[in-house]
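Q: Produce the complete structure using the sequences and hints provided.
Order-wise, the sequence lines are chains E and L.
With our numbering, letter number 296 in the first sequence gets 296, and the count goes up by one each step, no holes.
With our numbering, letter number 254 in the second sequence gets 254, and the count goes up by one each step, no holes.
Calculated directly from the structure, the hints in this document are not laboratory data.
Since the model is a prediction, treat every value here as computed from it, not as a measurement.
Hints are supplied without guarantee of correctness; some may be wrong.
Some chain E residues near chain L, calculated using beta-carbon distances under 10 Å [unchecked claim]:
1. R230
2. D233
3. L244
4. A261
5. A306
6. A307
7. D315
Derived Cβ-Cβ restraints for the label pairs, each shown as a range [unchecked claim]:
8. E368/L to I281/E: 26 to 32 Å
9. G202/L to S2/E: 44 to 50 Å
10. A45/E to A321/L: 45 to 51 Å
11. S2/E to K43/L: 35 to 41 Å
12. M336/L to A252/E: 35 to 41 Å
13. E7/E to A178/L: 45 to 51 Å
14. E250/E to D131/L: 44 to 50 Å
Cβ coordinates follow ideal geometry from the N, Cα and C atoms, glycine included.
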Amino acid sequence: MSEMRRELEDSARKVFPDWQAAQDAKASWAQMAELGWFMAGVPEALGGLGLERRDLAVIFTEMGRARMPGPALAQFLALEALVQAPDFPGREDLMESAMAGEAITASLTIAGEDLTAVPDADTADRILVRSTDEVTLINLAGAKITPFPTWDGSRRLFTVAPAPDVPRIPLAAGSEAAALTERLDGLLCLGLAGDALGGADAVLAMAIEYLGTRRQFDRPLAMFQALKHRAADLKVALETATALYEASSEAAPLALGAMKAHCCEVYKQVAEEAVQFHGGIGLTVEYPVHLFLKRAFLNRALGGSAAFWNESAGDAVLELAAVE
Amino acid sequence: MTQEDDALRREIRDWIAREAPRDWRTASTHEAFVASQRSWFAKLVAAGYAVPHWPREWPGGGRSLAEQKIIYEELARADTPRLLLSFVSTYHAFATLAECASAQQRSHYLPRILEGETWCQGFSEPGAGSDLAAIRSRAERRGDVYVVSGQKVWSTMAQYADMCLLLVRTSADGPKQAGLTYLLMDMRLPGVSVRPIHQIQGDEEFAEIFLDEVEIPVAQRVGEEGAGWAVAQATLASERGLTLMELSYRMRGAMVRLSEAVHAAGRTCDAGVLRKLGALATRVDAVCALADRFLQKRMDEDERVGDASIVKLAYSRCLRAWTDLGVELADLAGQMHAPITFGDLNSGNWMADFMNSYAWTIAGGSDEVQRNIIAERMLGMPREPKNWITEAGQ
Numbered sequence: 001m002s003e004m005r006r007e008l009e010d011s012a013r014k015v016f017p018d019w020q021a022a023q024d025a026k027a028s029w030a031q032m033a034e035l036g037w038f039m040a041g042v043p044e045a046l047g048g049l050g051l052e053r054r055d056l057a058v059i060f061t062e063m064g065r066a067r068m069p070g071p072a073l074a075q076f077l078a079l080e081a082l083v084q085a086p087d088f089p090g091r092e093d094l095m096e097s098a099m100a101g102e103a104i105t106a107s108l109t110i111a112g113e114d115l116t117a118v119p120d121a122d123t124a125d126r127i128l129v130r131s132t133d134e135v136t137l138i139n140l141a142g143a144k145i146t147p148f149p150t151w152d153g154s155r156r157l158f159t160v161a162p163a164p165d166v167p168r169i170p171l172a173a174g175s176e177a178a179a180l181t182e183r184l185d186g187l188l189c190l191g192l193a194g195d196a197l198g199g200a201d202a203v204l205a206m207a208i209e210y211l212g213t214r215r216q217f218d219r220p221l222a223m224f225q226a227l228k229h230r231a232a233d234l235k236v237a238l239e240t241a242t243a244l245y246e247a248s249s250e251a252a253p254l255a256l257g258a259m260k261a262h263c264c265e266v267y268k269q270v271a272e273e274a275v276q277f278h279g280g281i282g283l284t285v286e287y288p289v290h291l292f293l294k295r296a297f298l299n300r301a302l303g304g305s306a307a308f309w310n311e312s313a314g315d316a317v318l319e320l321a322a323v324e
Numbered sequence: 001m002t003q004e005d006d007a008l009r010r011e012i013r014d015w016i017a018r019e020a021p022r023d024w025r026t027a028s029t030h031e032a033f034v035a036s037q038r039s040w041f042a043k044l045v046a047a048g049y050a051v052p053h054w055p056r057e058w059p060g061g062g063r064s065l066a067e068q069k070i071i072y073e074e075l076a077r078a079d080t081p082r083l084l085l086s087f088v089s090t091y092h093a094f095a096t097l098a099e100c101a102s103a104q105q106r107s108h109y110l111p112r113i114l115e116g117e118t119w120c121q122g123f124s125e126p127g128a129g130s131d132l133a134a135i136r137s138r139a140e141r142r143g144d145v146y147v148v149s150g151q152k153v154w155s156t157m158a159q160y161a162d163m164c165l166l167l168v169r170t171s172a173d174g175p176k177q178a179g180l181t182y183l184l185m186d187m188r189l190p191g192v193s194v195r196p197i198h199q200i201q202g203d204e205e206f207a208e209i210f211l212d213e214v215e216i217p218v219a220q221r222v223g224e225e226g227a228g229w230a231v232a233q234a235t236l237a238s239e240r241g242l243t244l245m246e247l248s249y250r251m252r253g254a255m256v257r258l259s260e261a262v263h264a265a266g267r268t269c270d271a272g273v274l275r276k277l278g279a280l281a282t283r284v285d286a287v288c289a290l291a292d293r294f295l296q297k298r299m300d301e302d303e304r305v306g307d308a309s310i311v312k313l314a315y316s317r318c319l320r321a322w323t324d325l326g327v328e329l330a331d332l333a334g335q336m337h338a339p340i341t342f343g344d345l346n347s348g349n350w351m352a353d354f355m356n357s358y359a360w361t362i363a364g365g366s367d368e369v370q371r372n373i374i375a376e377r378m379l380g381m382p383r384e385p386k387n388w389i390t391e392a393g394q
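A: If you want it as structure tokens, here you go:
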């Protein structure tokens with residue numbers, strides 16, 4: 001494990017030791033800014049920490065473990081867009097305020113889709129809008145913002161229609177926009193995959209702890225081999241997905257999408273079983289295991305569907321063969 | 001990727017182009033397959049690619065993880081034969097000799113392995129599979145020899161082996177693990193007979209070994225009498241995980257066969273098929289990444305109890321899914337009986353590949369045993385009470 005990774009994990013877990021620690025969205029947003037997370041991916045020359053994608057990947061996992069509320073993932077996309085964009089007047093100020101925590105939101109769906117699944121659009125000043133033709137920052141003043149309440153509830157999502165005559169800052173156009181959009185979609189997938197793995201790890205630990213304490217038939221449930229084997233299978237799936245995640249932070253967008261589909265499926269599988277392991281109590285709203293199940297399903301639906309990514313990955317396998 | 005890595009990749013690629021056998025898939029008899037295995041191993045030894053996982057003092061040993069990856073990637077990419085015949089000798093026998101044997105045993109046997117002496121493993125018995133410590137093959141000490149009688153089963157390629165890693169019972173007292181002793185047995189000794197096992201896909205990769213009053217010199221013992229269980233752990237640990245990187249890369253390299261199957265079935269536009277193919281390709285990538293990470297951890301001495309079980313389970317289940325998709329794509333045509341390619345896991349003869357995949361879900365610690373290890377020793381879930389017979393009798 002690299003030194004940087006250990007530092008990032010340690011500091012994150014000190015501030016957000018578990019999912020409860022991050023539930024006050026406003027406070028956790030300030031804590032993330034204080035930890036320097038929004039500066040992490042920005043090059044030092046532009047005032048950031050100059051960390052690499054694999055370091056951001058550690059942050060994403062910690063966000064999932066803490067079931068982090070707020071628009072942090074959108075903020076990472078906006079910062080990446082600003083970093084990649086050619087210089088323009090006011091860029092430095094924008095970047096500085098974004099690194100300090102002024103929220104810029106963005107859709108958590110992949111490009112080409114409408115401005116849906118936009119976190120915290122009601123409080124953000126600007127939205128990053130990306131397509132294969134152009135990437136722009138649009139002021140949200142006067143925008144039509146419609147709540148999109150989700151089962152998850154940890155992310156506050158909205159559908160957005162910006163007002164027609166508000167200021168827009170173009171960041172990229174033409175082929176540059178296409179490349180940037182692809183890059184941002186890849187980052188979104190990396191973020192969602194990390195979130196999924198962090199969440200899966202937390203909910204699996206929660207379930208195994210419960211199996212160890214709950215007693216039936218004069219023994220802890222954890223002693224039953226039927227449950228052990230299912231827990232072991234979940235652990236294998238999680239470790240395998242984690243290895244792929246750690247090896248993929250610099251991967252091409254398609255590989256990141258396929259990886260996201262894989263990791264989100266694992267999160268859903270782990271969370272689904274975790275609820276089952278808890279038995280009746282897992283169905284009560286007071287018990288937190290359902291929170292992870294709901295986030296798992298939402299993650300799976302964000303950043304492009306599994307069907308889309310798997311089909312694309314399948315196409316790539318066919319092409320590989322054609323080259324041979 | 002450093003310049004040295006690039007150079008090694010070019011070097012091995014050129015070497016494979018010159019030296020690798022191309023006709024091994026068409027070997028129509030076991031003898032022809034075994035002959036091709038022997039000559040391929042000899043070539044790899046001469047070129048220094050046979051034992052990259054051995055220490056530096058051996059020719060071809062002391063390779064870094066990055067170098068091992070390159071070697072296995074290139075061997076897989078070129079669809080070269082897997083080293084089946086020398087697998088036990090270069091992994092199990094090597095680790096046992098290196099870690100537990102006397103200096104004399106080491107200096108006698110290790111060079112012979114590189115010269116082509118092959119080993120098999122005599123551990124499992126009809127009554128001792130997952131419960132390995134229940135071994136009943138009996139060794140009785142008479143002067144300078146142990147006289148051994150019993151039966152071993154599931155010994156990979158024992159019918160072609162020169163030597164055997166043999167685990168036997170020298171005492172029936174105390175815990176069953178404490179009565180085991182580890183011997184190095186010459187397969188040519190009087191009283192040793194071998195019978196190949198006819199497997200469901202037509203291969204004869206495994207054999208039974210029958211031992212009838214075999215006299216094995218006491219000097220052939222590894223460790224003390226009664227310390228065989230600990231030595232056996234060293235043998236088994238050598239395999240766990242290490243070879244799975246190569247196998248994972250071979251599975252990834254063979255994705256092309258699934259692609260060919262999609263083309264052959266005329267289903268290149270079938271979204272359902274493409275989704276399964278894509279999801280499987282990502283899973284295979286994940287298994288490769290897991291095997292990489294495991295080896296790195298092992299080299300960094302950062303391995304956790306249960307890590308090897310995770311790699312094995314991830315690989316074995318993925319291999320099953322890989323072959324399953326092939327059988328599905330081949331549809332009715334895949335049900336037509338086709339002769340097998342000996343010793344291959346990713347041949348594209350889908351029914352044979354599917355049946356062969358059980359070798360990885362059962363052998364070397366079944367999936368079920370691996371799940372117990374992960375649950376109990378990694379996740380900390382408690383063991384079941386041991387004496388169920390006593391309890392049931394109450």
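Q: Checking each numbered hint in turn, tell me which of them this model violates, lowest number first.
A: Per hint list: zero violations.
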